[in-house]
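With chain G's structure known, arrange chain V on it following the hints.
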Amino acid sequence: MAKAKVTFQDIDQTVNVPAGIRVIDVSEKIGAGIIYGCREGDCGTCMMHVVEGWNNLTEPSVLEEKVLRENMASRHDRLACQAQIIGDCTVKPA
Amino acid sequence: MSEHDCNAIEIAPGVHWIGALDPGLRSFDMILRTANGTTYNAYAVRGSDGVAIIDTVKAEFADEFFARLAHVARLEEIRVIVLNHLEPDHTGALPELLRRAPQARLIISKRAPAMLKALLKPTDDALDVEVVDTGDEVSLGDRRLRFLNTPYLHWPDTQCTYLVEQQVLFSGDVFGCHHCDLRLFNDRVGEFRFSFDYYYAHIMRPFKSHVRDALKLIEPLPLTLIAPAHGPILRERPRRYVTRYRELSSSGEGFDRPFEANDQPASLIVFYLSAYGSTTRMAEAVQAGAEAVPGLRVSLYDLEGSEIAPFIDLIEEADALAFGSPTVNGDAVKPIWDLLSSLGGISLRGKIGAAFGSYGWSGEAVPMIEDRLRGLKMRVPVSGLRLQLTPTAAELDACRAFGRQIAEAMTGTSNTSVSAERVIDFAELSP
Chain G
1 MAKAKVTFQD IDQTVNVPAG IRVIDVSEKI GAGIIYGCRE GDCGTCMMHV
51 VEGWNNLTEP SVLEEKVLRE NMASRHDRLA CQAQIIGDCT VKPA
Chain V
1 MSEHDCNAIE IAPGVHWIGA LDPGLRSFDM ILRTANGTTY NAYAVRGSDG
51 VAIIDTVKAE FADEFFARLA HVARLEEIRV IVLNHLEPDH TGALPELLRR
101 APQARLIISK RAPAMLKALL KPTDDALDVE VVDTGDEVSL GDRRLRFLNT
151 PYLHWPDTQC TYLVEQQVLF SGDVFGCHHC DLRLFNDRVG EFRFSFDYYY
201 AHIMRPFKSH VRDALKLIEP LPLTLIAPAH GPILRERPRR YVTRYRELSS
251 SGEGFDRPFE ANDQPASLIV FYLSAYGSTT RMAEAVQAGA EAVPGLRVSL
301 YDLEGSEIAP FIDLIEEADA LAFGSPTVNG DAVKPIWDLL SSLGGISLRG
351 KIGAAFGSYG WSGEAVPMIE DRLRGLKMRV PVSGLRLQLT PTAAELDACR
401 AFGRQIAEAM TGTSNTSVSA ERVIDFAELS P
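Line order of the protein sequences matches chains G and V. At position 32 of the first sequence (counting the first as 1) the number is 32 in the working numbering, and the numbers step up by one without a gap. At position 140 of the second sequence (counting the first as 1) the number is 140 in the working numbering, and the numbers step up by one without a gap.
The following block holds chain G by itself, in its conformation from the complex (with noise of 0.2 Å):
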């Protein structure tokens, strides 16, 4: 299985993960310090920036675009329960 390397800048946590995994499945059980609503996509609560590696994240779906838009959200800014790891990348808490 593909593998990617997450790190979590906030608790300065690096976490090998099988590739497809959503954000918020590894930063939950590390204890990272994105923080969740919803969980579906349509709170924003759990707004991340996407410090490295914005083209290692599966692309943002039309609605999860939205919400990002209604949230104000800046540049690499992503929803951690939408945005599945494919590639190596670095987030923290938006």
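It should be emphasised that the hints constitute simulated quantities derived from the structure, not laboratory data. All the pointers check out, no bait thrown in.
DSSO-like, lysine-lysine: derived pairs with alpha carbons at most 30 Å apart:
| id | chain 1 | residue 1 | chain 2 | residue 2 |
| --- | --- | --- | --- | --- |
| 1 | G | 92 | V | 216 |
| 2 | V | 377 | G | 66 |
| 3 | V | 351 | G | 92 |
| 4 | V | 351 | V | 216 |
| 5 | V | 351 | G | 66 |
| 6 | V | 216 | V | 377 |
| 7 | G | 3 | G | 29 |
| 8 | V | 110 | V | 216 |
| 9 | G | 5 | G | 92 |
| 10 | G | 29 | G | 66 |
| 11 | V | 351 | V | 334 |
| 12 | G | 29 | V | 377 |
| 13 | V | 121 | V | 110 |
| 14 | V | 216 | G | 66 |
| 15 | G | 29 | V | 351 |
| 16 | V | 351 | G | 5 |
| 17 | G | 29 | G | 92 |
| 18 | G | 66 | V | 117 |
| 19 | V | 377 | V | 351 |
| 20 | G | 92 | V | 110 |
| 21 | V | 121 | G | 66 |
| 22 | G | 92 | V | 377 |
| 23 | G | 5 | V | 377 |
| 24 | G | 5 | G | 66 |
| 25 | V | 334 | V | 377 |
| 26 | G | 92 | G | 3 |
| 27 | V | 377 | G | 3 |
| 28 | G | 29 | G | 5 |
| 29 | G | 66 | G | 92 |
| 30 | V | 117 | V | 377 |
| 31 | V | 334 | G | 29 |
| 32 | G | 66 | V | 110 |
| 33 | V | 377 | V | 110 |
Keep in mind it's a predicted model, so treat the numbers as computed, not measured.
The following block gives chain V in isolation, referenced to the frame of chain G:
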């Protein structure tokens, strides 16, 4: 209803209260009690070029709203309907108002469109909606409505509307309270300061940093009158209510600042209950372990010996909370759940949480508490600690290590907790 029997009441030149009185209400939104009901305040503002309606009322009170409205405006004169807040107690009469005044344009904040759709469930896109932000204005001819975007007071969509020429602030739920009094104005109604503070504590307090952001917009405004969406209209010394919000939202600021900038040391509170003393011994060891890390104040409380209310302020200002519970019949004990279901009035977002406890044969309490802490938007960086029955010396060492790990996560000094090399495999993480 005597003198106010469905009349509109002029609160400023050309500005009328057209709201509704609900004196029988005793419980609002299941979280607030009120000893004399509430009001749903709506307003009509007449300009030389049409009428603006600001908010409506709860659906059951629509007839009262339309009766008052009929005293001051014809439906075809309504040019705009401003919605400061979409909660149904202010938008209940909106569908009927839109049916009766279809020419009116809706004015909402930039976070409101999705909510408005969810609220009205329109079958087509016929709604005439204008989205406004801070500083935007709508002209009524000889007077202007200016908007202040004040999100999270207490929903994402909330905004305030300022009638520039009359210096009237239609503040939505901000500066409101559940207090129903026919005399309507703050200088005529009975004592309501306790209702004002109580409303703040339950509705606005979880969003205190947003309150402070909103006050930056509100405080510079000249104010002759504040017209909130609930409770008395504040015409006598309106600024003192702004000052009161500043006071209330400035307390307990420590949590909002980073640890190193704090005057106070970072605070860890350990709550516990114990049936036979094992969880007590664990709690004491957790405290001892945490205290070994410099720059912390650690407090230890047995929940069996206290009411919950006195802890709320402490919890709001704490940086980390640890909960120790035995497992009884496959669950954490009730006082833990009582506490963890009493925290809706404060923000726990981003605080560190942890759970531990002694158990007899199953030990479900610890993961159940951890799930609840995550649900409260806390971080749980150190996996919970469970011990079976009586702790041994080695197990108490593990409790001290657990306390130290929590402390290190708080102070950012952790170098041993998860992995020395800071890289871990996903499969190693606990389920």
